[in-house]
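*Asks:* Below, each chain spelled out in residue letters.
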Amino acid sequence: MLLEECEVLSNKTLASGLYEMKLEGPGICAQGRPGQFVNILVNPSDTPLLRRPMSIAHVNGTTFGLIYKVFGQGTREMSSWQPGHMADILGPLGNGWWPTDDRLPLLVGGGVGIAPINFLHQRLSQAGAPHQLIMGARSGAEHFLEHDPSAGITLTTDDGSAGIAGTVIDGLKAAISRQDNQAVTVLGCGPPGMLRALQSFTMSHEIPCQLAVEEMMGCGVGICMGCSVECRIDASLAQAGEGRRYRLACLDGPVFSAGELVLARD
Amino acid sequence: MLLEECEVLSNKTLASGLYEMKLEGPGICAQGRPGQFVNILVNPSDTPLLRRPMSIAHVNGTTFGLIYKVFGQGTREMSSWQPGHMADILGPLGNGWWPTDDRLPLLVGGGVGIAPINFLHQRLSQAGAPHQLIMGARSGAEHFLEHDPSAGITLTTDDGSAGIAGTVIDGLKAAISRQDNQAVTVLGCGPPGMLRALQSFTMSHEIPCQLAVEEMMGCGVGICMGCSVECRIDASLAQAGEGRRYRLACLDGPVFSAGELVLARD
Amino acid sequence: MTDLTVTLGRGLTLKNPVMVASGTFGYGDEVADLLDYSELGGLVTKSISLEPRDGHPPPRICETPAGMLNAIGWANMGVEAFCRDNLPFLAGLRTAVFVSVAGSSQAEYAHVIEAVERSALEIAGYEINISCPHVDKGGLEFGVSPEETEKLTSRLRAATERYLMVKLSPNVTDIGEIAQAAERGGADAVSAINTVIGMELDPATGIFKVQTGLCGLSGPAIRPIALANVYKVSQAVSIPVVGMGGIMSVEDVVRFIRVGAQAVQIGTANYRDPRIGLQIARELPGYLAKIEAPGLEEIRGSAH
Amino acid sequence: MTDLTVTLGRGLTLKNPVMVASGTFGYGDEVADLLDYSELGGLVTKSISLEPRDGHPPPRICETPAGMLNAIGWANMGVEAFCRDNLPFLAGLRTAVFVSVAGSSQAEYAHVIEAVERSALEIAGYEINISCPHVDKGGLEFGVSPEETEKLTSRLRAATERYLMVKLSPNVTDIGEIAQAAERGGADAVSAINTVIGMELDPATGIFKVQTGLCGLSGPAIRPIALANVYKVSQAVSIPVVGMGGIMSVEDVVRFIRVGAQAVQIGTANYRDPRIGLQIARELPGYLAKIEAPGLEEIRGSAH
Ligand SMILES: Cc1cc2nc3c(=O)[nH]c(=O)nc-3n(C[C@H](O)[C@H](O)[C@H](O)COP(=O)(O)OP(=O)(O)OC[C@H]3O[C@@H](n4cnc5c(N)ncnc54)[C@H](O)[C@@H]3O)c2cc1C
Ligand SMILES: Cc1cc2nc3c(=O)[nH]c(=O)nc-3n(C[C@H](O)[C@H](O)[C@H](O)COP(=O)(O)OP(=O)(O)OC[C@H]3O[C@@H](n4cnc5c(N)ncnc54)[C@H](O)[C@@H]3O)c2cc1C
Ligand SMILES: Cc1cc2nc3c(=O)[nH]c(=O)nc-3n(C[C@H](O)[C@H](O)[C@H](O)COP(=O)(O)O)c2cc1C
Ligand SMILES: Cc1cc2nc3c(=O)[nH]c(=O)nc-3n(C[C@H](O)[C@H](O)[C@H](O)COP(=O)(O)O)c2cc1C
Ligand code: FES
Ligand code: FES
Chain R
5 MLLEECEVLS
15 NKTLASGLYE
25 MKLEGPGICA
35 QGRPGQFVNI
45 LVNPSDTPLL
55 RRPMSIAHVN
65 GTTFGLIYKV
75 FGQGTREMSS
85 WQPGHMADIL
95 GPLGNGWWPT
105 DDRLPLLVGG
115 GVGIAPINFL
125 HQRLSQAGAP
135 HQLIMGARSG
145 AEHFLEHDPS
155 AGITLTTDDG
165 SAGIAGTVID
175 GLKAAISRQD
185 NQAVTVLGCG
195 PPGMLRALQS
205 FTMSHEIPCQ
215 LAVEEMMGCG
225 VGICMGCSVE
235 CRIDASLAQA
245 GEGRRYRLAC
255 LDGPVFSAGE
265 LVLARD
Chain D
5 MLLEECEVLS
15 NKTLASGLYE
25 MKLEGPGICA
35 QGRPGQFVNI
45 LVNPSDTPLL
55 RRPMSIAHVN
65 GTTFGLIYKV
75 FGQGTREMSS
85 WQPGHMADIL
95 GPLGNGWWPT
105 DDRLPLLVGG
115 GVGIAPINFL
125 HQRLSQAGAP
135 HQLIMGARSG
145 AEHFLEHDPS
155 AGITLTTDDG
165 SAGIAGTVID
175 GLKAAISRQD
185 NQAVTVLGCG
195 PPGMLRALQS
205 FTMSHEIPCQ
215 LAVEEMMGCG
225 VGICMGCSVE
235 CRIDASLAQA
245 GEGRRYRLAC
255 LDGPVFSAGE
265 LVLARD
Chain X
1260 MTDLTVTLGR
1270 GLTLKNPVMV
1280 ASGTFGYGDE
1290 VADLLDYSEL
1300 GGLVTKSISL
1310 EPRDGHPPPR
1320 ICETPAGMLN
1330 AIGWANMGVE
1340 AFCRDNLPFL
1350 AGLRTAVFVS
1360 VAGSSQAEYA
1370 HVIEAVERSA
1380 LEIAGYEINI
1390 SCPHVDKGGL
1400 EFGVSPEETE
1410 KLTSRLRAAT
1420 ERYLMVKLSP
1430 NVTDIGEIAQ
1440 AAERGGADAV
1450 SAINTVIGME
1460 LDPATGIFKV
1470 QTGLCGLSGP
1480 AIRPIALANV
1490 YKVSQAVSIP
1500 VVGMGGIMSV
1510 EDVVRFIRVG
1520 AQAVQIGTAN
1530 YRDPRIGLQI
1540 ARELPGYLAK
1550 IEAPGLEEIR
1560 GSAH
Chain F
1260 MTDLTVTLGR
1270 GLTLKNPVMV
1280 ASGTFGYGDE
1290 VADLLDYSEL
1300 GGLVTKSISL
1310 EPRDGHPPPR
1320 ICETPAGMLN
1330 AIGWANMGVE
1340 AFCRDNLPFL
1350 AGLRTAVFVS
1360 VAGSSQAEYA
1370 HVIEAVERSA
1380 LEIAGYEINI
1390 SCPHVDKGGL
1400 EFGVSPEETE
1410 KLTSRLRAAT
1420 ERYLMVKLSP
1430 NVTDIGEIAQ
1440 AAERGGADAV
1450 SAINTVIGME
1460 LDPATGIFKV
1470 QTGLCGLSGP
1480 AIRPIALANV
1490 YKVSQAVSIP
1500 VVGMGGIMSV
1510 EDVVRFIRVG
1520 AQAVQIGTAN
1530 YRDPRIGLQI
1540 ARELPGYLAK
1550 IEAPGLEEIR
1560 GSAH
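Protein chains in written order, with this note's numbering: chain R, 5 to 270; chain D, 5 to 270; chain X, 1260 to 1563; chain F, 1260 to 1563.
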């Protein structure tokens, strides 16, 4: 974890409603792993008060990328940053996805969850590790990759304007059907509804699954205890007084084993 | 008084530490008189919360100008506005300087008080009305006019780098000495110290004087009662229960008769 | 179009729930150039005392993070001049006008109301500002004591048949207890919150930014505090609650309704834009439609 | 170089007046990568209870205008695990470490202190978080009652020879009265303020932004409230006062000193930048020189 002054190298529209920012950050690039995030100080004034967490979306040499949507004041201001702007960034934070033996990784991303999934896809591709990528969006305009199942890239859209019409679950089923019996594991990130769908699909099909969650974060480094995530307590641990009902998204996550998570509230 | 969406036409450095902004505002231009001000919404967020009052510094057709210094967040943000920016502006507000019979007006401006004095100078010049202008600053770099006593323009600087070395009081004395016995009146605006000096100079020399004050303003339109200015209560009015100890800079001023003002605190 | 009328009891109905708060809309016609007052749900005047009051010396206000501090000191012209010079204009408006009443003794509050009643001008009623120091009780504010609040309310209840709303201070351990005291005293409604006690100073010199030192905080900074207090008050009483504190938008109005407010008042936001109250009133039907709320009644107190 | 040391009584001296506040710096070494803790004037731990506590369900925090709300619910590992796993690291730091103590009964507070004393680790002392609900008293917080505050303080005074600081809640009518009760009970210092009660909700759905509904407001939004409270407390007691609430800069630290604080704590600002405390400590001599203040002592309580 380090605090780095990062120069904005570029900042532009990537797809409908989606921006991509590239920043110079040698320290963050050297340490960053897929699933980790950075925490960005939007401006030195009192509003917005807290940093904004953003997943690392790719790393090239000493340059890392973010892929983000404009939601409110913080991301709106970020979208106005010009090349040359110096951003105060804390990272890399949290724990990423962990290696998965011999199983074929099926990467599933939706919403802004495509950002960390993109980084994971990049790293696996660079390592020549076989995997499948499934990305979901409402329409084709929100996608920035081409639907190409033969190259392992499956897109889904709610309106059917690109790739498979349907949700990422439909994309996931299609990708699974293409594997002849190879054991798979699902590595996912996306909005709460998608995480719940992935959790119930993988649990009912007994597929190992690791999900990255998004929680409101106060600090991103474990000092506010604000980013609690409800977890199923293993009965034996609870007995020993070691089971913690709530874990911290920033320190213990944001990637958790799907079986561990209690995903209740939107 | 009206709320006008004004387009920024230009916004640039006028002299050291001083900016000039020109805005399109037909309504404000039609009504504005020297000594009146406008109240500017800096941005739609919660900080800064209140509008920023700025004197009208000149009017040309449907375009008016502001001359301002960067003090804090509000003026810093204003200084970043590009041509085309639409500003939410309330004005014109307050009362300006009032006519002064046959006396020769001596206009005295210092600090950002040069802004309304500049407008008064412009209007008197356009009307062909004789007057003298005295502008004070710390150094020549902060001036945007040329020292030209024969044309009625006297500059003063603390460091002597332009015009007369000294304060506006020295400039005022020089200007007075150039009048052979013509009755004069002083119309001034500037920082608290300068206002106090002008007040005591004019009172001790029995020169009529009208001063524009700057007070913290909540609203600029008389609905918060925040911009109180202490005034000497005329004994006869006080008896009748009509004298008000505090008057409002935004409604009753910002121009007051110097004899009326109690200028205590910096 | 959604029905925005709000019934407050004692036969009083507002055309919409958006009023403007005491001390934040002047005496009368200051901003009449900018808006048609009759589109407002209601208007509360500056707090009026029996005699004219100079108010506090300058500086009276300063800005703080997302808020502002003030100590105006109930500067006002006194009830006599007010009834003569300003109230006729206000009483002629087609909106519910409440005269805010200040006093330093129970008798003074009563005398202010009696003077307004004598003027025979048609107003909706009164808002009682109990955040005034009680000189007979060593300067402690009426609003911090349930006993004083109840006594004052019942005395004023006897002085008028008009609507009587008691405005609560947030600077107490248990605001629900004070609200209940006002209810027992016969108040038709309570309004909350008045400003939160605050202070600001120049670090370089130590000089208070507002001359009195201790003064009152308002604006968006206090909105979370106001919502908590209105929530507590709504749980404590069965008379209507009028909510305020940091309202800047139609979303904020709906937040206050959801924690139990019957109507709301807008204060500091008027200084940014005096039209904000009627703009919000105009936006309200569209916003309710957007969130699929049939009306105000259906969402009132629905926070969970 | 200006002398920044601060004497707090009971033989305790801080190397500078800038501490970090309870609950805003984790348990121990979370941010040890980013800064050298020994440059801090002091460090207060998260509030520790006797048994482990899960804390409140998510969401636990939300942002507000220039502030944030939280309801963490004293999530902590319990004093036993804390003394075993975290306190050794903290006790090894060259800065004054205060263990923040939470409890739901007087006995629980005492047991926490006894457990820490048994660990025989070298710490500076304790900060008593009296904003905890007293289960025997129907859940009313200790900190709203002068009697409870005095009783609790004297009981804990008997349990330790170390420094005892009582942390006051601003959610009371008269904070000076509570501060005096702590002083009577034998506190070495009082610290103020804890968070201000607040609430936020989603206007579209009515769902609380923080799961508990009522929760605690912190950050720059409350700084004027904190300054007012520290000012009042400083007038009320003669023991040292440690000030906090919304501190973001060296100017803010000086503001608190000027209203009477002996030292300060930084809370929410740590979330923006965990180095802020030591950065301010480094800037302090330069700032004092700039405003021509010979030292802290000369400006303490100088607000006017
Ligand atoms: C670990 C993590 C990784 C993330 N990665 C990405 C990413 O790669 N791309 C992307 O576009 N978004 C990402 N987000 C979400 C992003 O942080 C929010 O969209 C952003 O903070 C919104 O800020 P705002 O000021 O624009 O909006 P606001 O108006 O503040 O809020 C809009 C929404 O964002 C959420 N939000 C606001 N602040 C935070 C915060 N401090 N922590 C978490 N959520 C917050 C709010 O709950 C709200 O729903 C990530 C969040 C987390 C926790
Ligand atoms: C009638 C009037 C006319 C003015 N005309 C001009 C002008 O022509 N050119 C110019 O440069 N300045 C003018 N000022 C001063 C100008 O309003 C302040 O410099 C500006 O508000 C500072 O805002 P800020 O956010 O940059 O600074 P802040 O950090 O907010 O404050 C810096 C200083 O400005 C003062 N200030 C802040 N807000 C206000 C406010 N709402 N009202 C009054 N003072 C405030 C503060 O007291 C402080 O001393 C005028 C002020 C008044 C009252
Ligand atoms: C400058 C100013 C003057 C005020 N004067 C009064 C007053 O005279 N009487 C009163 O009851 N409340 C007064 N208030 C309090 C407001 O009516 C309101 O209760 C408070 O400001 C909270 O609402 P807001 O955050 O929307 O401003 C005043 C507030 C401000 C900012
Ligand atoms: C997320 C969070 C958790 C906190 N936890 C505690 C706590 O466990 N014990 C305590 O005494 N105060 C706690 N506080 C209060 C702070 O220590 C401090 O009193 C308050 O936040 C005001 O200071 P600030 O505005 O600088 O944050 C907490 C504050 C926050 C924001
Ligand atoms: S965001 Fe602060 S502990 Fe996780
Ligand atoms: S600025 Fe509000 S009354 Fe003058």
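No wet-lab data here; the hints were simulated from the structure. Check each hint, because a few of them may be wrong.
As the list claims (entries may be wrong) - PhoX-like cross-link-like pairs, simulated, lysine-lysine; straight-line CA separation at most 25 Å:
1. R/K73 / R/K16
2. F/K1549 / D/K73
3. R/K73 / F/K1274
4. D/K26 / D/K16
5. F/K1468 / X/K1549
6. D/K73 / X/K1468
7. F/K1468 / X/K1468
8. R/K73 / X/K1468
9. R/K16 / R/K26
None of these values were measured; they are calculated from a predicted model.
*Asks:* Hint by hint, say whether it matches the structure.
*Replies:* Hints versus structure:
1. R/K73 / R/K16: Status holds; Cα separation ~11 Å.
2. F/K1549 / D/K73: Given that 25 Å is the threshold and the Cα spacing comes to 22 Å, the pair holds.
3. R/K73 / F/K1274: With Cα atoms ~46 Å apart, R/K73 and F/K1274 exceed 25 Å; violated.
4. D/K26 / D/K16: Satisfied, since the Cα-Cα distance of roughly 9 Å is no more than 25 Å.
5. F/K1468 / X/K1549: Holds: F/K1468 and X/K1549 sit about 20 Å apart, inside 25 Å.
6. D/K73 / X/K1468: 21 Å, holds
7. F/K1468 / X/K1468: Roughly 34 Å separates the two Cα atoms, so the pair is violated.
8. R/K73 / X/K1468: Violated, because 41 Å separates the two Cα atoms, which is more than 25 Å.
9. R/K16 / R/K26: 9 Å, holds
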